[in-house]
Every structure is written in C-alpha cells, then in structure tokens.
Amino acid sequence: MEHHSRFSQFNSRQPKAGPIANSSRFMETQTRMADPLENFKKRPTPSRKPSASTSSLYISRPIATNSRVKQDEQYRKDMHLAFVNNALQQKANGISDAFDELVDQFNLKKPSDGPLPTAQLRLWILALSHVVSRLERCHSSLVEAIINTPWTTMDTVFVKSYISFIGMLISARPEYLSLVLGKISHGFTYHLPSSSSSPLTRRVVYDRLHYLLQHLLSLVPTLPSTLHPLLVRNFPHKRQSQAAQVTYIRNILRITEYCPELSEGILATIIDRAIQIDVEIQVELEELEEHSASQDQEVFDIDPFDTVVGQEGDESDSDDEGDDEGDNFSDLSSDADGEVADDDIPPQDVPTNFQHVQSMVDKLDSILKNVFDYFNRSHVNTTSVLVTLPGTPSSHSDSGSSTPDIIRPPSPTTLEDGKMIRRQQFHALLSIFDRTILRTFKSRYTQFLVFWYSSLDPEFSDLFQGMLVSKSLLEEDQPAVTRAAAASYIASFVSRAQFVDRESTRRVVACLCNFLRNRLDILDAVTNAGATPPSMAHHSVFYAVAQAVFLIFCFRWRDLLEDQDDVDEFAAAAAPAKKWMVELQILQRVVTSELNPLKICSANVVMQFARVAQATDFIYCYSIMESNRRSEYAPKLPTPALLGQSMHSELNAFFPFDPYRLPRSGSYIQAVYREWSSVAIDDDEDEDEDEEQEDEGEEDDDDDGTGRSQIPAQRIIVNGVRKEGEEDDADGLGESFGGMSISPRLASAMSVSVS
Numbered sequence: 001m002e003h004h005s006r007f008s009q010f011n012s013r014q015p016k017a018g019p020i021a022n023s024s025r026f027m028e029t030q031t032r033m034a035d036p037l038e039n040f041k042k043r044p045t046p047s048r049k050p051s052a053s054t055s056s057l058y059i060s061r062p063i064a065t066n067s068r069v070k071q072d073e074q075y076r077k078d079m080h081l082a083f084v085n086n087a088l089q090q091k092a093n094g095i096s097d098a099f100d101e102l103v104d105q106f107n108l109k110k111p112s113d114g115p116l117p118t119a120q121l122r123l124w125i126l127a128l129s130h131v132v133s134r135l136e137r138c139h140s141s142l143v144e145a146i147i148n149t150p151w152t153t154m155d156t157v158f159v160k161s162y163i164s165f166i167g168m169l170i171s172a173r174p175e176y177l178s179l180v181l182g183k184i185s186h187g188f189t190y191h192l193p194s195s196s197s198s199p200l201t202r203r204v205v206y207d208r209l210h211y212l213l214q215h216l217l218s219l220v221p222t223l224p225s226t227l228h229p230l231l232v233r234n235f236p237h238k239r240q241s242q243a244a245q246v247t248y249i250r251n252i253l254r255i256t257e258y259c260p261e262l263s264e265g266i267l268a269t270i271i272d273r274a275i276q277i278d279v280e281i282q283v284e285l286e287e288l289e290e291h292s293a294s295q296d297q298e299v300f301d302i303d304p305f306d307t308v309v310g311q312e313g314d315e316s317d318s319d320d321e322g323d324d325e326g327d328n329f330s331d332l333s334s335d336a337d338g339e340v341a342d343d344d345i346p347p348q349d350v351p352t353n354f355q356h357v358q359s360m361v362d363k364l365d366s367i368l369k370n371v372f373d374y375f376n377r378s379h380v381n382t383t384s385v386l387v388t389l390p391g392t393p394s395s396h397s398d399s400g401s402s403t404p405d406i407i408r409p410p411s412p413t414t415l416e417d418g419k420m421i422r423r424q425q426f427h428a429l430l431s432i433f434d435r436t437i438l439r440t441f442k443s444r445y446t447q448f449l450v451f452w453y454s455s456l457d458p459e460f461s462d463l464f465q466g467m468l469v470s471k472s473l474l475e476e477d478q479p480a481v482t483r484a485a486a487a488s489y490i491a492s493f494v495s496r497a498q499f500v501d502r503e504s505t506r507r508v509v510a511c512l513c514n515f516l517r518n519r520l521d522i523l524d525a526v527t528n529a530g531a532t533p534p535s536m537a538h539h540s541v542f543y544a545v546a547q548a549v550f551l552i553f554c555f556r557w558r559d560l561l562e563d564q565d566d567v568d569e570f571a572a573a574a575a576p577a578k579k580w581m582v583e584l585q586i587l588q589r590v591v592t593s594e595l596n597p598l599k600i601c602s603a604n605v606v607m608q609f610a611r612v613a614q615a616t617d618f619i620y621c622y623s624i625m626e627s628n629r630r631s632e633y634a635p636k637l638p639t640p641a642l643l644g645q646s647m648h649s650e651l652n653a654f655f656p657f658d659p660y661r662l663p664r665s666g667s668y669i670q671a672v673y674r675e676w677s678s679v680a681i682d683d684d685e686d687e688d689e690d691e692e693q694e695d696e697g698e699e700d701d702d703d704d705g706t707g708r709s710q711i712p713a714q715r716i717i718v719n720g721v722r723k724e725g726e727e728d729d730a731d732g733l734g735e736s737f738g739g740m741s742i743s744p745r746l747a748s749a750m751s752v753s754v755s
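Per full-length UniProt numbering, residue 1 is the first one in the sequence shown, and the count goes up by one each step.
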C-alpha cells in the first residue's frame with residue numbers, strides 16, 4: 001500500500017459542485033472570447049436546478065452524450081437569438097449599446113486580431129437568420145458588416161450558413177441586393193484577404209462566390225440587370241497585371257455558363273478591354289522578340305487560381321512602367337468609387353521601353369487565349385453534365401460535408417441544339433464586331449475572335465461575309481470611313497481564311513466588281529452631262545473596294561478562273577488565254593479610269609497585283625504605274641486631291657487579318673489561316689520580267705528628253721524600313737503581304753501618341 005500512498009492526493013480530490021462545473025465547462029469558450037452575452041442574463045431553466053442529489057451526482061461527472069451536446073448547442077443558439085432580439089429592439093428604441101456590440105462581432109478591426117472565430121460567428125449568423133425581416137434601414141451598419149465579412153476563406157460549415165443567410169436576407173430585403181452583388185463582383189478580382197482559417201486556393205474562394213451568385217440568381221430572376229453594371233465597374237484597369245486581367249475574365253466568363261442573359265454584355269466588356277490594350281501595340285513583334293531574347297529572361301506561367309490565399313508573395317505588377325511603381329491599383333480600377341474612364345487619364349507619349357510593350361502583348365495574348373478557350377469549350381461541349389460545385393470541397397475544409405450537387409444550365413443534347421446555341425453566340429459576337437471592332441482601325445489581333453469563330457461553321461462564314469459586303473456596298477447611310485473599313489475586312493478575310501471556299505470567293509468578288517461597274521457608270525454619266533465630278537474624297541469607298549479586289553486577286557486568282565484546268569500560271573505562250581469569271585472584265589476599265597486606283601491604293605497591294613496579274617496573263621499595269629510614278633515629281637496636286645489622299649492614307653495601310661504573331665493564342669489561328677507562301681507565284685522568268693520593267697522605268701527616268709537627269713524612282717519600302725543593299729524579293733510578297741502590317745516600325749511609332 002506504500003506505493004499507493006504516494007498518489008493518495010489523487011484519491012483525496014473534492015468533488016466539484018454541480019452548477020459550478022456546468023458553468024465552467026459549457027460557457028468556457030464564450031467567457032474566454034469576451035462574448036457580449038456574458039452580461040446578458042437569460043431566465044434559468046428548470047432542468048438546471050441542482051436540488052436533487054442524483055442530479056448533482058451526474059453534473060459532477062458529466063458524460064458527453066449526443067443528446068447533451070445537442071442540448072448545449074440549442075442553449076447557446078437560444079442565448080444568441082435572445083441577445084439579437086434584444087439588440088434590435090433597443091436599437092429601435094434609440095439605445096445602440098447592444099447593437100454596436102453585435103456589429104463589432106463582424107468587424108475585424110486590425111490584422112493583428114487574427115482570424116475571426118468562425119464557430120461564434122456562425123451562431124450569430126444562425127440567430128440573425130431568424131430576424132432578417134426586422135433588419136430595417138437603421139440596421140444597415142450591421143448588414144454591411146456581415147456582407148464585408150471575409151466568409152470565403154472560412155470553414156465549410158460557416159460558408160453554408162452564410163450563403164443561406166444571404167439568400168434569406170435578399171428574399172426578405174431586396175434593397176440589399178446591389179450591395180451584395182457589388183461585393184461578389186469585387187470578389188472576382190485578384191484582390192483577396194491576406195489570410196484564411198485554413199489553406200485554401202483562390203480557385204476554392206472563387207467557386208464559393210459563384211455558388212452564392214447562383215443561389216441568388218435562383219431567388220431573384222431579375223438579378224442580371226443589376227449585376228452587369230457592377231461587373232463592368234469592377235473590371236481591372238488595363239494597367240493592372242496580367243494575373244489581374246486573366247483572373248477577372250475567367251470569373252466573369254464562368255458567369256455566362258449559368259446566366260446566359262449576360263453573355264453578350266460580358267463578352268462585349270472583355271473585347272472592349274482587349275481593344276484598349278490592342279491599340280497600344282503599334283510595333284512589330286519581331287523586334288520585341290529579338291529584344292526579349294537578348295534579355296535572356298525565363299518566364300514561368302502559373303495559374304493564379306492555384307495559388308494559396310495568403311501565399312501569393314509579391315503581386316506587384318512587374319510589367320508596368322517605372323513611373324507607375326507604388327501606385328495604388330485600386331485607384332486605377334473602376335471599383336468601389338465609380339468607373340475610371342480612359343479619357344480621364346492624361347495623354348502620354350508611346351513608351352519607348354520594351355518592358356511596357358511586352359507587358360501589353362502578354363496581357364492581350366492571355367485575354368484572347370481565355371476567350372478562345374471559352375469559345376472552344378462552348379463548341380465542344382454538347383452533352384449535359386451533372387457537376388458537383390467545387391466551391392467548398394471536402395479536401396479543403398474542416399468538415400467532411402461538401403456543397404450540394406448542382407446542375408448547370410443544360411448543355412445541348414443534340415447536334416441541332418448545340419448548333420443553335422453556337423449560332424446565338426456568333427450573332428452576339430457579330431453584333432459586338434459591328435459596334436466596336438469594325439470602328440477601330442489600329443487593332444491588330446482582337447478581330448481574330450470573329451475570324452476563328454467563323455471557321456466553325458460555313459453558315460457563320462457566310463453571315464460574316466454578308467455583313468461586310470452589306471456594310472461596304474449597300475448601306476449608303478453608313479459613314480464612308482466605316483464602309484471603307486468593311487471593304488478592307490472583306491478583302492483580308494476572303495484572302496486569308498482557308499475555310500472560305502471557291503464559290504464564296506467568287507460571290508464576293510462578283511459583288512465588289514458590280515459595285516465598281518456601277519460607280520464608273522455613274523461617273524461617266526456625270527461627265528457626259530457636263531456636270532462637275534465629285535472630289536477625290538467622295539470616292540473613298542470606290543478606292544477601298546478596288547483595293548479589295550486587287551488583294552483578293554493576289555491570293556485567290558486560281559478560284560477566279562472559269563476553267564480549273566487553267567490554274568497553271570506557267571503555261572506556254574502558245575497556250576490559249578485563260579478564261580476568267582465575267583465580272584472581272586471591269587478591272588480593265590477600273591485601272592484605266594480617270595479615278596486611277598493604281599495611284600491611290602496601297603503601294604504594296606498595287607505592286608503585287610501588277611506582278612500576279614501579269615504572271616497570270618490577266619492584265620498589264622506597269623505602264624500606268626510608271627506614268628503615276630512620273631507624276632509624283634510633277635508640281636504638287638491641288639488641295640482637294642491632297643485632302644482625298646490623306647483621307648485614304650490610314651485605310652490604305654489597314655489590313656485587318658495580317659499574320660497572327662501572339663504565341664499563346666496563335667495555335668487557334670494557325671490551322672485556319674492562309675499564309676502568302678502557300679499561294680505565292682515563284683517563277684524566275686516572272687522575276688526577270690519584273691526586273692526588266694523596272695530597268696526600263698529607270699532608264700526613262702534618267703532622261704526626260706531634255707537632257708536633265710531625274711530623281712531615281714522610289715522603290716517599294718516595306719513597313720517603312722529598307723536595309724542597305726537589300727534587293728526586292730523575287731515574288732515581292734515575301735516582304736509585303738507576308739509581313740504587311742497596319743503599324744509602322746518602332747522608330748516611326750515613337751512619335752505617335754497612344755490612343
């Protein structure tokens with residue numbers, strides 16, 4: 001017994017009093033957290049009386065049974081509900097002490113306060129769920145504190161309770177819908193809480209936001225009209241990082257999957273932002289690639305959705321200019337305090353550093369790739385799927401339960417249904433093109449969204465061509481600059497799209513040629529009547545259409561032959577003449593007309609058209625071109641003619657579907673794009689003939705008949721740069737059509753302001 005005596009103190013413990021033990025055991029957590037309930041008294045319940053000896057015996061050594069746990073849980077819920085009712089009542093009576101304490105439960109005053117006690121917050125949320133109808137305007141501070149709670153980074157049990165409460169709140173008090181949607185929209189940005197109660201990735205956080213939004217959409221069918229302007233307002237400014245742009249775009253594109261009413265508006269917003277970035281890229285990407293290679297930088301793409309909240313590291317925008325360092329990007333974005341329009345930003349010169357240009361290229365490339373991916377998923381997905389929303393997956397939560405399964409809007413179950421959905425999406429894209437893209441002349445890549453989508457179905461290609469032909473030829477109420485741009489688009493599209501077949505090409509060329517014939521007939525009628533012909537500027541659409549025919553002929557001349565056996569451009573001289581489609585006969589009249597399109601149209605297009613037309617024995621243009629070149633050294637043209645030329649200068653350099661150079665998104669275009677190398681005419685004899693024509697022209701220039709030497713003829717300069725000792729390419733288009741661009745070289749671009 002001696003060794004037992006050493007532990008006799010354990011046998012001499014005095015049993016604790018029942019009520020004291022009960023209080024210390026079950027109210028321990030609330031006392032430690034300085035709960036406002038510690039000063040709030042509740043009526044004692046009969047079951048807690050310690051009068052019976054048997055009751056005291058059980059209380060002294062309580063057993064944690066399920067019934068006892070549930071009883072205690074209910075007791076705490078009743079206490080919180082009683083406090084909430086009392087706080088709201090006192091607030092209505094003008095006493096706000098208890099109400100202020102309740103609001104403070106949802107306010108994390110300082111980061112040093114640590115994570116919010118989610119278990120306690122859940123009890124408050126459950127209590128408030130019973131009184132949502134009593135939350136009047138005077139209680140708005142409480143509602144705002146709850147909405148601003150960082151609930152997306154808390155445990156799964158709290159997330160479920162929170163989503164349920166928000167749903168009841170909006171159902172009872174719709175006036176809070178805008179506030180809730182504004183917080184959700186801002187949550188889709190790259191700015192997130194710096195810490196969480198458990199390690200969660202951004203993907204989980206965004207999934208929870210989408211689940212809440214879907215829940216609200218099921219309760220409020222008119223929600224899209226309130227949500228759309230909030231999504232536009234929270235769109236990251238173009239100066240923000242690539243991760244910020246991609247994160248927000250992926251989130252709002254996902255909204256279209258369960259809220260198709262917003263599809264066109266969201267797509268229009270994304271395309272508008274892409275164009276804002278696109279127009280700033282006015283240098284050749286080849287130069288940018290050379291500079292990047294010289295820097296010897298390694299870039300690793302990390303999906304921002306897979307980063308853990310609080311472990312992102314320095315998310316500063318490394319691709320912004322030095323003078324932007326330290327700026328608060330929340331001021332640049334258009335959230336919280338209203339949208340910041342681009343017009344409000346002071347105009348700046350084009351940055352001379354490659355870092356800025358590279359950042360804009362990377363942003364645009366990522367934006368377009370995400371939109372291409374979105375279109376591709378819509379095209380491929382033709383079966384309905386039951387999915388489990390990964391908003392609160394069990395692998396990332398403290399509880400074994402997960403968010404309930406949901407059914408996304410049913411995907412098409414038949415090919416016809418899928419085609420109908422794609423048709424609706426294409427019409428939306430076509431509408432955006434008409435409103436935005438068509439009227440932007442400096443964009444280089446954004447228009448390829450329509451180019452690629454048109455390749456999905458011959459119907460889409462026909463619709464796009466029909467719209468462009470109508471805009472350029474038939475809709476005379478459209479501004480001349482819009483009609484000329486449409487002509488440039490139809491020319492570039494038919495020339496470059498591999499999916500535009502022979503019949504479509506011939507139909508487009510026939511429409512263009514008939515327009516030219518009609519305009520020449522009108523001009524002849526005016527001239528024969530003795531009236532004053534219109535000025536050069538009046539014929540801007542005519543020149544754009546003529547240039548369109550020249551360009552299409554260079555790429556698709558084989559499809560314009562009546563007989564497919566005549567496609568051999570190197571036939572013997574004794575071979576019969578090729579038979580062309582009848583509508584092309586007007587080109588002889590066009591090039592010899594007094595409007596002289598060979599002088600006004602793009603020099604690159606004219607030169608290559610002359611070469612291809614001669615090689616195919618279609619028409620001979622060099623004599624007119626030589627005459628035009630001589631006139632360049634004559635006295636200056638009258639002012640109206642100069643004004644007409646200046647009006648065409650920008651459109652003459654506008655080729656909407658130039659080769660696509662963005663690396664990430666370029667894979668979507670390669671398979672449907674026609675390079676010049678695949679259709680170029682390579683013939684040594686043709687090259688010799690061209691050189692002979694140029695030599696004859698130079699000899700004529702050396703002597704004008706008066707014994708005076710003339711200025712040598714100016715040779716074609718591609719993109720404004722000609723290397724010393726460089727000779728003309730054999731087929732010419734390797735240095736023009738293959739590299740034709742709407743933008744000047746870097747040296748010239750530096751003097752132009754960014755639009």
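Treat the hints as calculated values from the structure; they're not laboratory data. Bear in mind that the values here come from a model prediction, so they are computed numbers and not experimental data. Heads up, the beta-carbon is just placed ideally off N, CA and C, and yes, glycines get one too. It is possible that part of the hints are untrue.
[To be verified] Here are the simulated EDC-like cross-link-like pairs (lysine to aspartate or glutamate), alpha carbons at most 16 Å apart as the crow flies:
1. LYS471 with ASP521
2. LYS578 with ASP559
3. LYS238 with ASP434
[To be verified] DEER-style ranges, computed between Cβ atoms:
4. SER677 with LEU474: 48 to 56 Å
5. ASP72 with THR222: 41 to 49 Å
6. ALA82 with ARG435: 53 to 61 Å
7. PRO458 with TYR620: 47 to 55 Å
8. LEU230 with GLU476: 37 to 45 Å
9. LEU463 with ARG502: 29 to 37 Å
10. GLN585 with ALA525: 45 to 53 Å
11. SER667 with THR222: 47 to 55 Å
12. SER171 with ASP104: 44 to 52 Å
13. LEU463 with THR527: 36 to 44 Å
14. ASP617 with GLU459: 35 to 43 Å
15. PRO229 with GLN89: 20 to 28 Å
16. ASP97 with ALA172: 22 to 30 Å
Each hint tested on the structure:
no. : hint                           : in the structure
1   : LYS471 with ASP521             : violated, 21 Å
2   : LYS578 with ASP559             : holds, 12 Å
3   : LYS238 with ASP434             : violated, 23 Å
4   : SER677 with LEU474: 48 to 56 Å : violated, 35 Å
5   : ASP72 with THR222: 41 to 49 Å  : holds, 43 Å
6   : ALA82 with ARG435: 53 to 61 Å  : holds, 58 Å
7   : PRO458 with TYR620: 47 to 55 Å : violated, 37 Å
8   : LEU230 with GLU476: 37 to 45 Å : holds, 40 Å
9   : LEU463 with ARG502: 29 to 37 Å : violated, 19 Å
10  : GLN585 with ALA525: 45 to 53 Å : violated, 20 Å
11  : SER667 with THR222: 47 to 55 Å : violated, 40 Å
12  : SER171 with ASP104: 44 to 52 Å : violated, 27 Å
13  : LEU463 with THR527: 36 to 44 Å : holds, 38 Å
14  : ASP617 with GLU459: 35 to 43 Å : holds, 36 Å
15  : PRO229 with GLN89: 20 to 28 Å  : violated, 37 Å
16  : ASP97 with ALA172: 22 to 30 Å  : holds, 26 Å
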